[in-house]
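Got chain B sorted already, so can you dock chain E onto it with the hints?
Those protein sequence lines, which keep their order, are chains B and E. 2 is the number of the first residue of the first sequence in this note's numbering; add one for each residue after it. 2 is the number of the first residue of the second sequence in this note's numbering; add one for each residue after it.
Among the hints, a few may not be true.
Restricting the straight-line Cα-Cα distance to at most 20 Å, the calculated cross-link-like pairs of lysine to aspartate or glutamate (EDC-like) are [claimed, not checked]: (1) E/Lys266 with B/Glu357; (2) E/Lys266 with B/Glu229; (3) E/Lys266 with E/Glu322; (4) E/Lys375 with E/Glu357; (5) B/Lys375 with B/Asp73; (6) B/Lys266 with B/Asp120; (7) B/Lys266 with B/Glu322; (8) E/Lys375 with E/Asp223; (9) B/Lys375 with B/Glu83; (10) B/Lys266 with E/Glu229; (11) E/Lys375 with E/Asp73; (12) B/Lys266 with E/Glu357.
Here's a subset of chain B near chain E, in silico, CB distances under 10 Å, partners left out [as the list claims (entries may be wrong)]: (13) Gln230; (14) Gly233; (15) His267; (16) His289; (17) Tyr295; (18) Leu302; (19) Gly351.
If you are wondering where the hints come from, they were derived from the structure by calculation, not from laboratory data. Note that the Cβ used here is the ideal one computed from N, Cα and C, for glycine as well.
Chain by chain, the residues run as shown.
There are 2 protein chains.
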Amino acid sequence: MTPGQVYAHVGQPFTPQPYDVAVLGAGRMGCLVAHFLLHARPDVRLLLLDKGGLPNEEGATILAPGVWTALDVPAQWQAHAETTRALALGTLAVAEGGLGQPGPNDAPTLERGLIELLDASTQGSRSLSELRGLPAGLADPSRFAAWREDVRALTYSVASLTLRAGQSAVRQGADLMLNAQAVPAAGGLSIDRLTVTNTHRVVVHETHQVAARQVVIAAGADGPALAEQHLGFVTHHAQAYRQWPRLNLPSTDTSPIVCAQFAAKHQRTAITLRPHAGGYTVVTPIHHRDPHGYQPIGGRLSSVPVGLRREVLQDLLLGMEGLPALATEALEVGRSLADIPGAWVALPAGGWPLWEALGESQGAGYSLLLGGEKADLVGAGVAREAARDVLARL
Amino acid sequence: MTPGQVYAHVGQPFTPQPYDVAVLGAGRMGCLVAHFLLHARPDVRLLLLDKGGLPNEEGATILAPGVWTALDVPAQWQAHAETTRALALGTLAVAEGGLGQPGPNDAPTLERGLIELLDASTQGSRSLSELRGLPAGLADPSRFAAWREDVRALTYSVASLTLRAGQSAVRQGADLMLNAQAVPAAGGLSIDRLTVTNTHRVVVHETHQVAARQVVIAAGADGPALAEQHLGFVTHHAQAYRQWPRLNLPSTDTSPIVCAQFAAKHQRTAITLRPHAGGYTVVTPIHHRDPHGYQPIGGRLSSVPVGLRREVLQDLLLGMEGLPALATEALEVGRSLADIPGAWVALPAGGWPLWEALGESQGAGYSLLLGGEKADLVGAGVAREAARDVLARL
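Next comes chain B alone, as it looks inside the complex (with noise of 0.2 Å):
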């Protein structure tokens, strides 16, 4: 098989081709795409693009969480969660679309397992006397009745594996052209060529015209928006700015990952700690849509400007009730947004991951894949559903 080309900028002459696939947005959703697109049928030709790098840097891949458990996953998503576990792991199949294991320059998947921290019983939890191995200090065991733990539960790199599946889409013949916004257009899609002048201003050095026979809106939370305003495709997915925090208590590679759920003051929060690099990242829930013409601002506690989102600060406070080490400066909230790690997310409507068909526009079919916050857990499985669909239009 032959490798595709890729255009990482704009000294790469690129000479417009028509193309069966087109991809818009090389972060996970889009790179999963391709990748399982043309494992089944190499003889596709299929553009990847993305606005930025592979993922990009701005994008909500490079920083999702990458938690995978089966705790509460409806019976209609445990096929796609099982295919992604195994995709995360290395022991997907090589005939069903598997990448192998993580390679050592690869951030590693790890079973780590999953405690989950209950303010009630429930079916299946275990007394709090039995539970050892988290870190002193991190919750506060009068606050919780019980806990649940999910062996099974994995970390992993989404933006490894989105490498990966993007580097696996090019060695299987995709072109990948990087820097490039693309728009939806007449029978395909329109592409500037974006470059940065020695000022440091992005500037379109050229656009392109290119035909394809499918086009996947692959592009997060960017996606509804380039249905509607190149289409006329009216979608009904919003979209939330996130923000994940870290929290500077010691954690391993054999730390579980903790997820606490408990009711504080009129409402109930789930907080989810993800060990990662020494630390934790903390996870808060999405209550919410983010308004469209929203510019993420930073918040104020009691006047004290911090980099964390008014919002984020509110669940965090709640957090503190059960989870004593939110109240510490092992918490880091910074004093801008800029301080936090941060993006925008996809919320499909439903909230699991979508994948529709939009409709046809002068001979071209053009479809929306969206993984958001569920992602982690079956966007890989999604993502092959959808490759499939593309490859019967074609």
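This is chain E only, laid out in the frame that chain B set:
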């Protein structure tokens, strides 16, 4: 009884004196708590303040739909709901704090009933074939399987009720200061009296420090920030910018309120049509809190600017599947946000109106009173309870 003093503009000199109670905000909750408080104890020295008029021209009170229905009211809220209904109808006994019947110049309270359209039968619902009296073309019968009715439902003018309660408080002895920006401050509050220059700038004319033994923060969506920024009491209440577009289908004083509940495109929606001034006010659900720092902006539909926020637009797009009238020119969408009535609404944690003591600071006790979306239903009951609690603390 001696009526209180009204300070409507800075030309009226104000000499600070200590008050027993200061109420920050002369919207629905502020006026009601002041009224009930003085009704119970006319000797209490009370100051009611608002940064605008009575009610504030920019507040949520003036635009509140004023829909009362007994459907789905939890048992613990039924007494407050009945108090609110009786107050709006004018049947609450004077001894209980009743305001009497609305006068000829007040907007009427109308017992028009409510029809709830359901996409699946539930207990007590009726077959659609029995349904009569809906405006032609409003609803698509094929989308709804059943309906329920609340014959006791009514519509009332929240602005009118607020004005009557505020006037009653003044008649019973409350001082009322309008165009005054009040914030909690050491031992009471600090008041900036505002005026407008001949170049239409709002400026501070004079500032007063006023002592008060109890300060009730009833400033709607601004309440939680006042409690935190000036007192350091961190709360977990949010806010949302709501819009109430108008639907120009003919309605009369006997047209029922219509509430359509159905699933569309992976989501459930509930759209209420409130007959108002010969047409309908469209009430969409609140899905989310709006983040701090958000400035409301109009949306775009396939690149065309409209006066509806994107979030409201999406609800209406969903609603069109069951309510085809929303897809006609009868719906006012405007060209910019200013064309569609809208206001910030408090979202109390837990969803129901909230009354909570915050604590003390330098001899003054502070408390927070939040109405929010369900104030139409139970607001007066909660305000009366708050008044009793404030009196008990004096």
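Verification of the supplied hints:
With a C-alpha separation of about 11 Å, the suggested pairing of E/Lys266 with B/Glu357 holds against the 20 Å cut-off. With a C-alpha separation of about 16 Å, the suggested pair E/Lys266 and B/Glu229 falls inside the 20 Å cut-off, and the hint holds. For the hint pairing E/Lys266 with E/Glu322, the CA-to-CA distance comes to about 10 Å; that is within 20 Å, so the pair holds. At roughly 17 Å between alpha-carbon atoms, E/Lys375 and E/Glu357 fall within 20 Å of each other, so this suggested pair holds.
Restraint check: the Cα-Cα separation between B/Lys375 and B/Asp73 comes to about 12 Å, which is no more than 20 Å; the hinted pair holds. Between B/Lys266 and B/Asp120 the CA atoms are separated by roughly 14 Å; this keeps the pair inside 20 Å, and the hint holds. This hinted pair checks out: B/Lys266 and B/Glu322 have alpha carbons roughly 10 Å apart, not beyond 20 Å. At most 20 Å may separate the alpha-carbon atoms for a hinted pair to count; E/Lys375 and E/Asp223 meet this at roughly 17 Å.
Of the pairs offered as hints, the one joining B/Lys375 and B/Glu83 holds, with about 13 Å between alpha carbons and a cut-off of 20 Å not exceeded. Annotation: proposed proximity of B/Lys266 to E/Glu229 holds, straight-line Cα distance about 16 Å (limit 20 Å). Note on E/Lys375 and E/Asp73: the hinted pairing holds, with a Cα-Cα distance of about 12 Å set against a maximum of 20 Å. Between the alpha carbons of B/Lys266 and E/Glu357 the distance comes to roughly 11 Å, so the proposed pair stays at or under 20 Å and holds.
Among the interface hints, the one on B/Gln230 holds; its C-beta lies about 6 Å from the nearest C-beta in chain E, closer than the 10 Å criterion. For the restraint placing B/Gly233 at the interface with chain E, the shortest Cβ-Cβ distance is roughly 5 Å, inside the 10 Å limit, so the hint holds. At about 4 Å, the closest approach between the beta carbon of B/His267 and any beta carbon in chain E falls short of 10 Å, and the interface hint on this residue holds. At about 3 Å, the closest approach between the beta carbon of B/His289 and any beta carbon in chain E falls short of 10 Å, and the interface hint on this residue holds.
Taking 10 Å as the C-beta cut-off, the interface hint given for B/Tyr295 holds, the closest approach to chain E being about 5 Å. A distance limit of 10 Å between C-beta atoms decides the matter here; for B/Leu302 the minimum to chain E is near 7 Å, and the interface restraint holds. Against a cut-off of 10 Å between C-beta atoms, the interface hint on B/Gly351 holds, since the closest Cβ of chain E lies about 4 Å away.
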